[in-house]
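Chemist: Chain by chain, the residues run as shown.
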Amino acid sequence: VCIHRIRSCSNIRFIKSKYVCVFDKSALKFSHQQRLFRTSAVSCGQIVQFKLSDIGEGITEVTVKEWYIKEGDSVSQFDSICEVQSDKASVTITSRYDGVIRKLHYNIDDIAFVGKPLVDIEIDASKGVASEDVVETPPMSHEEHTHQEIKGHKTLATPAVRRLAMENNIKLSEVVGTGKDNRILKEDILNYLAKQTGAILPPSPKAEIVPPQRKAEAVPAAPKDKAHKIPVPVSRPIAFSGKDKTEPVTGFQKAMVKTMSAALKIPHFGYSDEIDLTQLVQLREELKPLAEIRGVKLSFMPFFIKAASLGLLQYPILNASLDENCQNVTYKASHNIGVAMDTEQGLIVPNVKNVQVCSVFDIAVELNRLQSLGSAGQLGTSDLTGGTFTLSNIGTIGGTYAKPVILPPEVAIGALGKIQVLPRFNGKGEVFKAQIMNVSWSADHRIIDGATMARFSNLWKSYLENPASMLLDLK
Amino acid sequence: MVLQSFKNCLWLSCVLRTPKACFWSTASGGLIIQSVSNDVYQNLAVEDWIHDHMDLEKQQVLFLWRNSPAVVIGRHQNPWQECNLRLLRQKKIKLARRRSGGGTVYHDLGNINLTFFTSRKKYERMENLKLIVKALKALRPQLDVHVTDRYDILLDRQYKISGTAAKLGRTSAYHHCTLLCNADKFVLSSVLKSPFKGLKSNATPSVPALVKNLFEEDPSLTSEVLLDAIAKEYAVQHQIDHHITLINPADETLLPGISNKTKELETWEWVYGKTPKFSVSTCLNMAYKDSVLDVKINMDVKHGRIEVCNIDLPEQWLPPGLYSELIKNLTGSKFCPNETTTLVTTLLRLCPQDDELHSKWSLLCENMIRLM
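As they're listed, the protein sequences go chains A and B.
Numbering follows the UniProt record's numbering, with no gaps: position 218 of the first sequence is 218.
Numbering follows the UniProt record's numbering, with no gaps: position 250 of the second sequence is 250.
Keep in mind that the hints were calculated from the coordinates and are not lab data.
Treat the hints with care, since some could be wrong.
[Stated by the list, open to error] Stretch-level coverage of chain B by chain A, calculated; a stretch enters the list once three of its residues show a Cβ under 8 Å from a Cβ in chain A:
hint, segment
1, 62 to 76
2, 325 to 339
3, 349 to 355
[Said to hold, decoys possible] Just so you have them, the derived chain B footprint on chain A, three or more residues with Cβ under 8 Å:
hint, segment
4, 90 to 101
5, 322 to 331
Fair warning: this is a prediction, and the values are worked out from it, not measured in the lab.
A virtual CB, placed ideally from N, CA and C, is assigned to each residue, including glycine.
All chains, full assembly: derive it from the sequences and hints.
Modeler: Take a look at the structure:
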């Protein structure tokens, strides 16, 4: 191994430092060390200079735009090596040989010449140089190599296995290798195929294990033939191709990590209740067409938000902020009520500004605007900052009671469950159909006590259970 | 009609039975297909599918397609450099990156796209463009159209009506080009103008050109008329029936694996992440409290993510802790307004609730996000 590495190192001396670093790093990986060992153990392969073949149309030079492989990678015949560009044409250069890449002759954006060496490949001596006349098989989609590039590793498989995969148009990156070093074996390809087609493959001459079928309709067939068939060993479970996947926490997730870690410092207490929305449901039905005429979609949220703001007028401590050292409480003048939104990328909480001076219709308009921007991923910083109180309508997805987490620097948050039709007793003791929604509040127990939260909740509840009462206090 | 549906079944059964090459053993040496979809990603995926799965030795293919408003950049181009991303997002115009080289184009339903699929050996762009010119001249003999040596088609010797790009694989190749029938020239010119200053990159630059619609030359030349004329000429040259087979790019049974191809073309990693490494060096002029601050920003962006970030602020303008948090969080995150907005607004939650600090922060971040 040592001798081999020294020989490789001497080759590298002439390459730019960029490649030395790459090679050094990869040499530190255990699997790469093994690979080097194996290669040298097999044979001292000959190094072949793979020249850039004719592009056509009399083109003599191209620009190298992207490498799909790096020095030290194993390649098989037909694997994509690089992407070059010439005069509006993008060309995928594929390898003519099986072997290991030993040298890249160009950097990105260099000009490469037709007929001159592109890469040096070390070929297994046992293989020899592949002939010029290549058997016409369908080209392997170069997307597979884009996948490999993204994942950052090259899939290990013998050329025979690669051919089997190619003939069945299988991406090696999608197959779980069960061999040494996650090497992909022939059985893995067969298992993968069985999964794809849902069929039992005819047992090939060498295969001993028939992959078990997944489709339900096939199961009755098995007992019938039990007498004559060799019992299928059940030791290998259904080909579970699950593999742990680690990826860095970025973007929206990172934002959530930061926010929620800070929220931990807040001592939360919870308070839940049940709201009878029967009257509100009816009211909304009446108002919905009016809003539609004005071009606005009216949900229940504008009512919940406005009622919350009316409640905050009576209990302003819920619209406050506690400073870092818990020395001062700032009572915020504006009711900027945040609405938790679930987008493709993750959780965002834009807020409706100054609800205290907005009508229910104004709130509906603003919500529509925030929702369309949110789903397009175009919310601005002002939409996402300055919130003082938050409501999370998780009920649109489902659930009844929840335990929401307060978003700093706020001190309270409410989670609204789904509206359910449930039997309740009225004043006369009769059972009637009620539209029930649950609310779960969380508040900062450093400055908010249970009684305050309860009273606020009761006030909010009364506005919603009897919407006409909101008229009395609307500003 | 019956013959065509029978042929469709044959093609379908070919594709299903032998996932490798579709060896269609009829005498015809060509096939004309047209997409029923106007979704740029689906149509680009069809190109990929044909390139990867069809055997083009015995049979060449002409693929006709049109897209709803979209900007399509070349494989190795930089979207920030090539178009006005803000305007695109406002107008809800899609952005796609194709797999062939070349420059940036604007597509809408007034533009037709033609893809000529051949085997690698038979790749010949000039022939294809001459075919188009021949078809146009057959339609309107007085039309002054010709092919330049840059593979453009010019109208009246000065207006570009078609641009070309190509993709070559190991055994197959395709050459595709646009043809301006009745596209919205106003949107085209405003969307293909990038306001970005201070961008340094080795990405393929586009060469802007004066354009004109064929419709302006002769109002009877609609997309349908032109598509038909070109298909007719192709049929004549390949000695096949002048018949266009419609295909649905969402049909997974006809084109197995097509939805994965479509999805990949839509990912951020492909559209933005494949941008060659570039650097941003610009100066933000921010008006703050009766004075104007010059803030120099330097960023290196690789794979669409900020690799290195430097913001030159006056000392103590921001609390040092917050400044370093900003730099730390920007590094490694996407050069993308949505993600950056989420990160900076989150950071704001976690710092002291000081109005002045908030306004400074918002000012800086909004200006920075405008770059993306």
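Chemist: Compare the structure with each hint and give your call.
Modeler: Consistency of the hints with the structure:
1. 62 to 76: holds (count 3)
2. 325 to 339: holds (count 7)
3. 349 to 355: It holds: at least three residues are needed, and the segment 349 to 355 of chain B offers 4 whose Cβ sits within less than 8 Å of chain A.
4. 90 to 101: Coverage by chain B holds for the segment 90 to 101 of chain A (4 residues, Cβ < 8 Å).
5. 322 to 331: Holds, because 3 residues of the segment 322 to 331 of chain A bring their Cβ atoms closer than 8 Å to Cβ atoms of chain B.
No hint from the list above goes unmet by this structure.
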